[in-house]
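Q: One letter stands for each residue in the lines below.
2 protein chains.
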Amino acid sequence: MTFDTLQERLDYRFKAPAGLRQALTHRSYGQPNNERLEFLGDSVVNHVVALALFSRFPQLREGDLSRLRAQLVCQDALHGIALDLELGAVLRLGEGELKSGGAERPSILSDALEAVFAAVYLDGGFDAAKTVIDRLFAARLATLDPTTSLKDPKTRLQEWLQARRRQLPKYRLVATHGEAHAQQFEVECTIDGGMQTRGVGSSRRAAEQQAALAAMETLENHAG
Amino acid sequence: MTFDTLQERLDYRFKAPAGLRQALTHRSYGQPNNERLEFLGDSVVNHVVALALFSRFPQLREGDLSRLRAQLVCQDALHGIALDLELGAVLRLGEGELKSGGAERPSILSDALEAVFAAVYLDGGFDAAKTVIDRLFAARLATLDPTTSLKDPKTRLQEWLQARRRQLPKYRLVATHGEAHAQQFEVECTIDGGMQTRGVGSSRRAAEQQAALAAMETLENHAG
Numbered sequence: 000m001t002f003d004t005l006q007e008r009l010d011y012r013f014k015a016p017a018g019l020r021q022a023l024t025h026r027s028y029g030q031p032n033n034e035r036l037e038f039l040g041d042s043v044v045n046h047v048v049a050l051a052l053f054s055r056f057p058q059l060r061e062g063d064l065s066r067l068r069a070q071l072v073c074q075d076a077l078h079g080i081a082l083d084l085e086l087g088a089v090l091r092l093g094e095g096e097l098k099s100g101g102a103e104r105p106s107i108l109s110d111a112l113e114a115v116f117a118a119v120y121l122d123g124g125f126d127a128a129k130t131v132i133d134r135l136f137a138a139r140l141a142t143l144d145p146t147t148s149l150k151d152p153k154t155r156l157q158e159w160l161q162a163r164r165r166q167l168p169k170y171r172l173v174a175t176h177g178e179a180h181a182q183q184f185e186v187e188c189t190i191d192g193g194m195q196t197r198g199v200g201s202s203r204r205a206a207e208q209q210a211a212l213a214a215m216e217t218l219e220n221h222a223g
Numbered sequence: 000m001t002f003d004t005l006q007e008r009l010d011y012r013f014k015a016p017a018g019l020r021q022a023l024t025h026r027s028y029g030q031p032n033n034e035r036l037e038f039l040g041d042s043v044v045n046h047v048v049a050l051a052l053f054s055r056f057p058q059l060r061e062g063d064l065s066r067l068r069a070q071l072v073c074q075d076a077l078h079g080i081a082l083d084l085e086l087g088a089v090l091r092l093g094e095g096e097l098k099s100g101g102a103e104r105p106s107i108l109s110d111a112l113e114a115v116f117a118a119v120y121l122d123g124g125f126d127a128a129k130t131v132i133d134r135l136f137a138a139r140l141a142t143l144d145p146t147t148s149l150k151d152p153k154t155r156l157q158e159w160l161q162a163r164r165r166q167l168p169k170y171r172l173v174a175t176h177g178e179a180h181a182q183q184f185e186v187e188c189t190i191d192g193g194m195q196t197r198g199v200g201s202s203r204r205a206a207e208q209q210a211a212l213a214a215m216e217t218l219e220n221h222a223g
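From first to last, the protein sequence lines stand for chains A and B. Throughout the first sequence, residue numbering follows numbering that gives the first Met the number 0, covering 0 to 223 in sequence. Throughout the second sequence, residue numbering follows numbering that gives the first Met the number 0, covering 0 to 223 in sequence.
Bear in mind the hints are in silico, worked out from the structure with no lab data behind them. Glycine included, each C-beta is placed from N, C-alpha and C at the ideal position. Incorrect hints may appear among the rest.
Footprint (simulated), chain A over chain B, 3 or more residues, beta carbon under 8 Å [unchecked claim]:
#1 38-44
#2 169-180
#3 183-194
Chain A extracted, bound-state conformation (with noise of 0.2 Å):
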């Protein structure tokens, strides 16, 4: 793998290649890396999956949108695609960070993917970046299925627990913050077993869905 190919898989040519180097460059490696170029990356990503979104579900509200974008453009996709790419061939990394893994690490390869979005940016412009990420994205886009990945929180939960024949989650109100023109709820989500998250949020039920947010990731960070 070399920087040829990735620009054949990207289907885009660098007029000055350096940036595309500097995009693979983790900070492990030296100076100049990819940290600034992640940060535009990750706007220009976002930006370019919104639009994708409004544009395919002209019948969704934002609040869907919103959350269909938080799936898309996540360190578990991004790292996904980095992988499709072979990105992790290409990474220029320290030596201490290569002898640990991290060309197979996903922060480090979501992040270099990123970065290398803000690269075609600044070299081709916004239409240039647009058409990778949107070629990138595109096997994605097509089988998103709003109807089983838009549930809230709470619902995905419950799922989750009953498809392993493990008990409902308990909510407790724990504490209200805040006078009562902007009162804040903290609210505890208890699992058996005796995990236990909190949420926060301007009504009862949204400290709940954020409760239960929260026990979601933890779960599926540890089921694998």
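Here the structure of chain A is known, so what remains is to put chain B in place on it, guided by the hints.
A: Then chain B, alone, in the frame of chain A:
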């Protein structure tokens, strides 16, 4: 104030003014309204401001750029720009919302402004939206001072309390979740007077910063 005046203030003339009308239509008025446009506009403004910060502050690191952007693209700042444009005068609101002062509500105004950005984007393309957004944020970008605006939440909370001769916050680790390789720390921040907030993070320090941030937000919301 008319749609014409607004287009002059935006320095952008719509080919299809229906897009602008929709951007100024709150959901309380009916369909088509600006909810979906707000989703798209939020991603446009976040990207354009990211690009402006990336160019203007070549020395700043990613985390600092993110913090600056969060300050520039927040309800407060967007509300301020909406007030400059007198957006409230051309909003289309349902009767109930109108009577209860919806045209002055910061969330409604900032959402409408984001929707206007999306309308420009859909009507005139990315460069048109970028030009409008850059011009509206120019003054705020010019006066941005990274040295004062980039303090972390614990520092800001401490300074806020010291300025009011109040006792310093106390941080206490209340729980750890998860297994060793993916541990989550939960920290409680207590402020004299009894207010408590919590934060969760992948390190004790990160959890403290989150708890301090929650405290800072609650204090700022109530201190006016």
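Q: Hint by hint, note whether the structure agrees.
A: Now the hints, each set against the structure:
1. Only when three residues or more bring their CB closer than 8 Å to a CB of chain A does the claim for the stretch 38-44 of chain B stand; here the count is 5, and the claim holds.
2. Using a Cβ-Cβ cut-off of 8 Å, 4 residues of the stretch 169-180 of chain B lie near chain A, which meets the minimum of three, so the contact claim holds.
3. Counting residues of the stretch 183-194 of chain B whose CB falls under 8 Å from any CB of chain A gives 3; the rule of at least 3 is met.
Hint violations for this structure: none, all hints satisfied.
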